[in-house]
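Trainee: Each chain, letter by letter, is given below.
Number of protein chains: 2
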Amino acid sequence: MKILRERILQDGRCLEGGILKVDSFINHQMDPNLMKQVAVEFIRRFADLPINKILTVEASGIAPSVLLGYLLELPVVYAKKKKPSTMQEMYVAEVRSFTKQRDYTMVISKEYLTPKDHILFVDDFLAYGNTGLGIIDLCQQAGATIEGMGFIIEKAFQHGRELLTENGVFCIESLAIIDSLEDDRIQLRK
Amino acid sequence: MKILRERILQDGRCLEGGILKVDSFINHQMDPNLMKQVAVEFIRRFADLPINKILTVEASGIAPSVLLGYLLELPVVYAKKKKPSTMQEMYVAEVRSFTKQRDYTMVISKEYLTPKDHILFVDDFLAYGNTGLGIIDLCQQAGATIEGMGFIIEKAFQHGRELLTENGVFCIESLAIIDSLEDDRIQLRK
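Sequences listed follow chains A and B, in order.
As numbered in the numbering used here, residues -1 to 188 make up the first sequence, in order.
As numbered in the numbering used here, residues -1 to 188 make up the second sequence, in order.
Excised from the complex, chain A in its bound form (with noise of 0.2 Å):
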């Protein structure tokens, strides 16, 4: 996705740590123009799949989540990091999060997965893949299935892809594949 490539080259920036700092455009100030053309592109790749229903998790999935939701005409869910006091009924998942150095707690409501949903997990990063992980565990409680996962930027050099295989999450779709950020530079994949 040629913009896409061009933005983050242009806009990014290398962190210490592995981490790639895309905070004008994705996941602070965003781009809304640019998340529609994101959103559009999963529509291409996931061309193919059954899905009725688009999986996020709060903050930065949900940008690029309802605008592909209101294209397809179907319901996003986001995964909620604290479970809300007026929550009843609910699958939980404890998440890992290497980047943020923090663990954290996904719930969603009972009502809003089931055993009829065929899901479509979108997010902004795919690094060391514990957010999809956590996404395949919540799907496993509801008897949902997971379709396919597409994510803005896949950093391929904390491996999350093989972590997400290896969990039966075939279907991956990352629009933009960073190889390598050692030295400050951004090596895209061609």
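Since the hints were made in silico from the structure, they are not lab data.
Warning: the hint list may mix true and false statements.
Restraint ranges, calculated between C-beta atoms of paired labels, are given here [said to hold, decoys possible]: (1) Leu69(A) / Pro82(B): 28 to 34 Å; (2) Glu4(B) / Lys188(A): 47 to 53 Å; (3) Ser95(A) / Asp9(B): 31 to 37 Å; (4) Glu180(A) / Arg42(B): 47 to 53 Å.
All C-beta atoms, glycine included, are put in the ideal place defined by N, C-alpha and C.
Please build the complex by placing chain B on the supplied structure of chain A, with the hints as guidance.
Mentor: Frame of chain A; chain B shown alone:
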């Protein structure tokens, strides 16, 4: 906004403590088409304002904001409720949440809120007005101008509008106004 009012009456649920649960279509599972209609209604109501940026707070304000930003071709910034380890220079506001009964810190990077900005703040709920107060604080620190605030649902009996007006925000629009949730009945203003 008829379609929103009907949806609230059909799918909203009253909980104790003046809480209206709308997590089947606004703030857990989301209806992206309704969010687009909400965005269009905000465009109508704020048609005369010189806005150059949409501001919101994670997580439930992101969906209407990104669709609004997409339609208006404007950037969207969401305030974060935790300081990211990668953020260096930021504005910080302390927010008291009565609805969730916990206080939190709201941060925005100094890069994305500046004296040049004319802000439309968008959120799902106007309740006691404390989130809006935090946004006023952040914008004052940055020297940004708040042109207006738009909410999907206002709980008028919690008087947030008065608090925001006292603090200098006069252009406030809510797409559905609730006068009471007493006796498990949603009383919508006509």
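Trainee: Checking each numbered hint in turn, tell me which of them this model violates, lowest number first.
Mentor: Nothing - there is no hint that the structure violates, so all of them hold.
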